[in-house]
Every structure is written in C-alpha cells, then in structure tokens.
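Hey, can you work out the whole structure from these sequences and the hints?
Single-letter residue listing:
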Amino acid sequence: MLKVLFFARIKEQLDCGALELEWQDAVADLDGLQEQLCAAHGDQWREVLGQDNMIRAVNQTVVDGNRALRDGDEVAFFPPVTGG
Amino acid sequence: MLKVLFFARIKEQLDCGALELEWQDAVADLDGLQEQLCAAHGDQWREVLGQDNMIRAVNQTVVDGNRALRDGDEVAFFPPVTGG
Amino acid sequence: MAGPLPMMTVSVQEADFDVAQLQEALRSGAQQEGAVAAFTGYVRRSNEQRQVESMELEHYPGMTENSIAEILQQAAARWPVLAASVVHRVGKLGPGERIVWVGVSSSHREAAFSACEFIMDYLKTRAPFWKKELGPDGGHWVSAREHDTSRAARWQGGSAQ
Amino acid sequence: MAGPLPMMTVSVQEADFDVAQLQEALRSGAQQEGAVAAFTGYVRRSNEQRQVESMELEHYPGMTENSIAEILQQAAARWPVLAASVVHRVGKLGPGERIVWVGVSSSHREAAFSACEFIMDYLKTRAPFWKKELGPDGGHWVSAREHDTSRAARWQGGSAQ
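Residue numbers (this note's numbering), protein chains in the order written: chain W, 452 to 535; chain Y, 452 to 535; chain B, -4 to 156; chain R, -4 to 156.
Some hints here could point you the wrong way.
[As the list claims (entries may be wrong)] Result set (BS3-like, lysine-lysine): computed pairs, CA atoms no more than 27 Å apart in a straight line: (1) B:Lys127 x B:Lys87; (2) R:Lys87 x Y:Lys462; (3) B:Lys127 x W:Lys454; (4) R:Lys127 x R:Lys87; (5) R:Lys127 x Y:Lys454; (6) Y:Lys462 x R:Lys127; (7) W:Lys462 x B:Lys87; (8) W:Lys462 x B:Lys127.
Note that these hints are calculated values from the structure, not bench results.
Given below as structure tokens:
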C-alpha cells in the first residue's frame, strides 16, 4: 500500500487530498507512481502533476528527481511553500 | 560660563560630576579647557583626563581632536560607552 | 557546540500567541542567560494590489514539525544558540494577525540575529506551509518568491557568521 | 524613502517594560503593517568570571535621547523602515533583568533584521550609557569591547543591504 497526499493548490486542482494505492511493481519509483496516477485519472491530473515547480516528498522528506519507493511509503505532491 | 560634565568612571575618579567655569580666553578651545582644569585641580586630574580612550563632547556631540569653544557651551568628558 | 544542548521548541497551532510569554519561555530554557533576537510575521492587509480579507494557512502535519526541528538543529550547529523557538499558526487568520514567531537566545548578539534570520529564511523556503489569501475577488494562493529562495541560498557555502 | 515618515520613538527609563506592549505600539505606528524584528538585552548573571549581584546604569541625559534618535534616522535612511523604537533602562538593575529593547517594523524582513542589528551595533558604540557591575568584590565598570567597535564599523562604506 502507498499513501499519496496532495496539498494546497494541487489538492484543489485535483479535488483530492489523499488516496491509497495497492502496492505493485508499476509504482516502485516516484516517476512510475506519477505515471500510474495520471493514467488512472486522466489529462487533468497529467497537467497538474506535470507542472514545472511541483515538489515531491517521500516519507516527509523532499526528493529531487526520481527515487525508488517501498510498500508502506508516504508520498506527497505540493507546490512551493509559502509560509513564514 | 562653561558647563563641564564628567560621567561614569571619570566622575568617580575625579569625585566630581559637574562644574561651571567663568568664560575666559584660556578656555577658548577644548585643549585649553582641559589644561585649565588640570592646572586648577592637580596631578590626579591630569592623569585621569589624559587617559588614552577619553571621549570629549561639546554640546552633546562627540568631538575628535581639538575644537573651539564658545561662552555657554556644555562640555563633557567620559569613557567609552558600554550600554545596550 | 560546547555546553548544554540548546532548548528547541516547535509549535504549529491555530491559537494566537503572546510574544512576551514566548520570550520568557525561551529565556527559561536558556537558564535566563543570553540576549534574544526575535521575528514576528503578520498577515498582510493587501498584497499585489489585492485587498486581503482573510487568510487560510494549510500545512503538512508531521512533516512541518520535523522540517522546522531540522532547521533549528542546523542553526544550533552554526551558531552558539542557547535556545530557539518557532511558533507558526495555521487555519483562518484575519489581516494584521500574527502568523509566525521565531526567537533565538544567545550570549552573542550577532549569533542571535544571524540564527534568527537564518531560521526565517529556511522556514520560508523549506517548511511545508501554504497561504491562501481570500478577498473580494475570491481565493488566491500566494506565490513563492524567487527572492526568498535566494535569501535562503546565501547561507550555503559561506562562513558561519 | 518614499511614503509616510517612519514613526520613531526613544525612551530612557528606570521602569521595566513589556515586549508585547512595545511591539503592539510599534505596529500601531506602522499602520499595522510590516514584519517586526526585535532585540532584547538582559543583565548578565556573571561576566568575566565575576558574579554580578546588580548593575548600575548611568547615562548622559539629553545626549542619550538625541544620539539614539540620530541612530534611528540613519537606519531609516538606509532601509525601508515603517517604525522603529528603542527603550533603554537606567538606574539599578538585577541579574537577568531586561536592559534594552530595539524593535523595527518593515514590509521587508531583511530590512527589519538589518536595521535592528544596525541600531544595536550603533547603540553599543555611540549612545552615552555606562554599566557598572556590583558583585561580592565591589563595583566594576564594564569595559568597552573592541569587538563592538568593529561590529559597528562594518556598516560603514559597504552596501545598504
């Protein structure tokens, strides 16, 4: 099982804050997971998740580029942060 | 008339916080005033006012080096500041 | 750093805070020693010509606290920090309300200032908070500022002070 | 700077102060706009291995207020300051008591930090205050630190931010 979270503008654009995905080889890395989500949900998701400044985090740590995933990981997609 | 003020360690060492001096040509500049004070009060004053890091202010503005004085001026002698 | 470990606290909360109380708590954590540099951020009343009626602050629970704790540890590794605290509000806030407080206690005032500014710069670019401004024209997610990224980047590489 | 003149206040007083109240007053003077960087200095509990039982703070009435006002004006000429305040206590203070508070409000956090640190550095080297520490071994005038002079000097010449 993978837990996938979306925040802020991304959450609104996808109208989805969180989902769970059965573990499978196709989601064994971040790029694979993203492709799987886009294939399942359509062009709107492909456009939103493909945005240039999208940030991806695995287990609450920001990841640059691709990264292998393991069953039980928590993955998050969010825009650049604007707190403080 | 000149008003002369001493602060902090200087005030303690001279046992004097303030004095007034009749206006006269001999005190027409800072160095003249200081010499006049030392001549009147003796070696202890000469030693204290001659300290390397002595700061002199005229009318509440710090002065580097000598400066002409005018009747009515307020002159202050004090050590380096340590507030904040 | 030598000496006892700095006291570091992080709070993500909906409630408002009192800066005097936070500062007292920070001082207690530093055995009542050290000067304090502090920063308070507030909700803007207008932004880019848009009137701000209220603001929604969203965050990533768990990651927020962890990322701020990491920022504080980095600051304590660079400067002689006695204590450091961050309080960041989330939820709905009105114009002019306090959003964030960062306080740093140190025996050296330059360390207190530098660590406090460092923490703010990293908070702005690393901690997962997002601001949405609500005004007469609807909601508007605040954009990240390139300027904030470059402020944070200047701490990398260079000397610690 | 463009826009309304910054509100600047200076207070030299025996009474203690509340940093939250001072910060509220600073914000009111800035039309409730801007972030706030603030610094609070406290009486040390020991200094150079000497225990500090109390401290006497002497100043030069008149010159003190004028020199601080000049420091604030210099800060406002260098950075986009909305409001700036200095409160400095004099008289007899106990260990751990607040001595000084400097607060700066600005729409730019880097300006708030820089102006606040600039004011503290100049206060330490220009404002006519003198500290005398009283301890078991009698009274001891605090020595000026060369380090403070060099901190203040670094603001000269270089770029404003």
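Give me the numbers of the hints this structure contradicts, sorted from smallest to largest. none
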